[in-house]
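Heads up: the protein sequence lines correspond to chains A and B, in order. 1 is the number of the first residue of the first sequence in the numbering used here; add one for each residue after it. 1 is the number of the first residue of the second sequence in the numbering used here; add one for each residue after it.
Note that these hints are calculated values from the structure, not bench results. Incorrect hints may appear among the rest.
Copies of one chain are not kept apart here, so a pair can be met inside one copy or by any two copies together.
Result set (SDA-like, lysine to any residue): computed pairs, CA atoms no more than 25 Å apart in a straight line [what the hints assert, rightly or not]:
| id | residue 1 | residue 2 |
| --- | --- | --- |
| 1 | K48 | Q125 |
| 2 | K210 | P95 |
| 3 | K61 | D118 |
| 4 | K48 | Y127 |
| 5 | K239 | D118 |
All values derive from a computational prediction rather than experimental measurement.
The chain contents come next:
Protein chains: 2
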Amino acid sequence: MVAIAYFSASDNADAYQAELTRLLPGCSFRRWPDIGDPAEVNYALVWKPPIGFFPALPHLKAVFSLGAGVDHLLTHPELPNDALIVRLVDAGMAPQMAEYALYAALHYHRDMDRYAADQAAGLWQPYPAVATADRRIGILGLGALGSEVGSRLAALGFDVAGWTRSPRDVPGLESFHGADGLEALLARSDILIILLPLTSETRGLLTEEKLRRLPQGAAVVNLARGAILPEAGLLAVLKDGHLRGAFLDVFDTEPLPADHPYRQHPNIRITPHIAAQTLVGPAAAQVAASIRRLEANMPIPGVVARQEGY
Amino acid sequence: MVAIAYFSASDNADAYQAELTRLLPGCSFRRWPDIGDPAEVNYALVWKPPIGFFPALPHLKAVFSLGAGVDHLLTHPELPNDALIVRLVDAGMAPQMAEYALYAALHYHRDMDRYAADQAAGLWQPYPAVATADRRIGILGLGALGSEVGSRLAALGFDVAGWTRSPRDVPGLESFHGADGLEALLARSDILIILLPLTSETRGLLTEEKLRRLPQGAAVVNLARGAILPEAGLLAVLKDGHLRGAFLDVFDTEPLPADHPYRQHPNIRITPHIAAQTLVGPAAAQVAASIRRLEANMPIPGVVARQEGY
Chain A
1 MVAIAYFSAS
11 DNADAYQAEL
21 TRLLPGCSFR
31 RWPDIGDPAE
41 VNYALVWKPP
51 IGFFPALPHL
61 KAVFSLGAGV
71 DHLLTHPELP
81 NDALIVRLVD
91 AGMAPQMAEY
101 ALYAALHYHR
111 DMDRYAADQA
121 AGLWQPYPAV
131 ATADRRIGIL
141 GLGALGSEVG
151 SRLAALGFDV
161 AGWTRSPRDV
171 PGLESFHGAD
181 GLEALLARSD
191 ILIILLPLTS
201 ETRGLLTEEK
211 LRRLPQGAAV
221 VNLARGAILP
231 EAGLLAVLKD
241 GHLRGAFLDV
251 FDTEPLPADH
261 PYRQHPNIRI
271 TPHIAAQTLV
281 GPAAAQVAAS
291 IRRLEANMPI
301 PGVVARQEGY
Chain B
1 MVAIAYFSAS
11 DNADAYQAEL
21 TRLLPGCSFR
31 RWPDIGDPAE
41 VNYALVWKPP
51 IGFFPALPHL
61 KAVFSLGAGV
71 DHLLTHPELP
81 NDALIVRLVD
91 AGMAPQMAEY
101 ALYAALHYHR
111 DMDRYAADQA
121 AGLWQPYPAV
131 ATADRRIGIL
141 GLGALGSEVG
151 SRLAALGFDV
161 AGWTRSPRDV
171 PGLESFHGAD
181 GLEALLARSD
191 ILIILLPLTS
201 ETRGLLTEEK
211 LRRLPQGAAV
221 VNLARGAILP
231 EAGLLAVLKD
241 GHLRGAFLDV
251 FDTEPLPADH
261 PYRQHPNIRI
271 TPHIAAQTLV
281 GPAAAQVAAS
291 IRRLEANMPI
301 PGVVARQEGY
């Protein structure tokens, strides 16, 4: 029998229950803390599970994260050693991420930040057009999300390059890797889009010093995790005008505290972590397919390499 | 010999002179009012030419408009009867128009209007994601610009339909035409994008009554001419919340007067007629190619049918 323990403070439990019991007839969907006989529960579907969750479930084969990120699991003090940790590979998230990235890139490319400020100030002032071929976009991270974003931007004619830790080719994109490659990518990015996983190597990566490698007047878009882009450095490079602006969907603390300096900053646009919302249909389909394969002792996609952190 | 009379208050005369004399060696580029011997001048390249311009130039074979719109010529009281009126068919304008339309569509599709207002109000509040397939976009006008915009939006997965005066097929788009078709298109457009020429038939087309055929909460994007979307009707449907917002690049009077109600309206975003700026390189190349063909008595693209108005 398949029994799934579910916990999330921010997703739609009813919708997941309906979908999973439809896709896996006979499965038992149990919402924490009502988990019934713990010995029967062999799968968990969670977002930021509470302390006490994992010790209560000693027979988990796999823990599915309700999102692309798994840092909320890998930093959990009670994560079981022997269960597979599985992230959603793409539950409708890549297209959403691409939409957001496209919007944010066009926001700066087409001077929409300046026109909005001019409207508020009562000005009427055209800025010269720049062809997309002359606008350099850099993408940090070329996984499923970064590749999709890069391809979409390249299709509009932007001059797109990407950076990854180790060499990786994405058709149509110039690609950089390693520490030297990061310096080179930053130096050629008018708009920098962050789509890296949060790991011990990416935490704090974009220091003030790194941000100063970007061209004067560049903009930064963070769609990954707040901790990759430390706040003090970002505020410093915005303050002296080295950066033109930042479009941020993710933050160290979420919700962003009411008195946080990002909130009312004239050159920062914030959204409440909505760039890629997990869609129940595709997410449940992916979890159900993986459970079927695990029950048949077959390999599944999205298994996290714990040492790598993603 | 080829002699071109040039007038524009808003374009770069030096750049056009350099490009055209390079592309048409031996041609004479004359800036109004320094036109030399009027009998030699057989072409005009203009944007909103002043009174007195046309009577001074009795031997014009063709008048090229420095933009896609020709309403500034067709309403000119001194327009010569026997010269060809030629509009730029696409001087780098279609991609720019597509970028702007994409940005404006994503602005509403991804609730960026709401998130910007929430940021200003100190709120943190996610709105549910909607798949592009469930977002209906309607495009009024399927010429070179409307077709490009429609294809780009369809490529992102939006449910796109278009409307034209007479039947026209654009691959991948549902298409409507005529008066009944307009009602049908409006009824299914969550986001309406206006890309029609300004003619006697389209002037004042989108009355308050027409705007009320749009679904509750729809948004309007005007990239064509202000006179197609009368102001009183738009303000009325915004005031009672039938429309969610309007993204406007064009206005009856430009620059938009400082005390105009659009300027500080919380649900209207304005830009100073920059959706598709004429790029000198492609525009000059198109004009030069057409002049060569006319000198060889060959037909050219973009000739305006005066009765039709575009």
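Next on the checklist: Run through the hints listed earlier and report the numbers of any the structure violates, in increasing order.
Outcome noted: 2, 3
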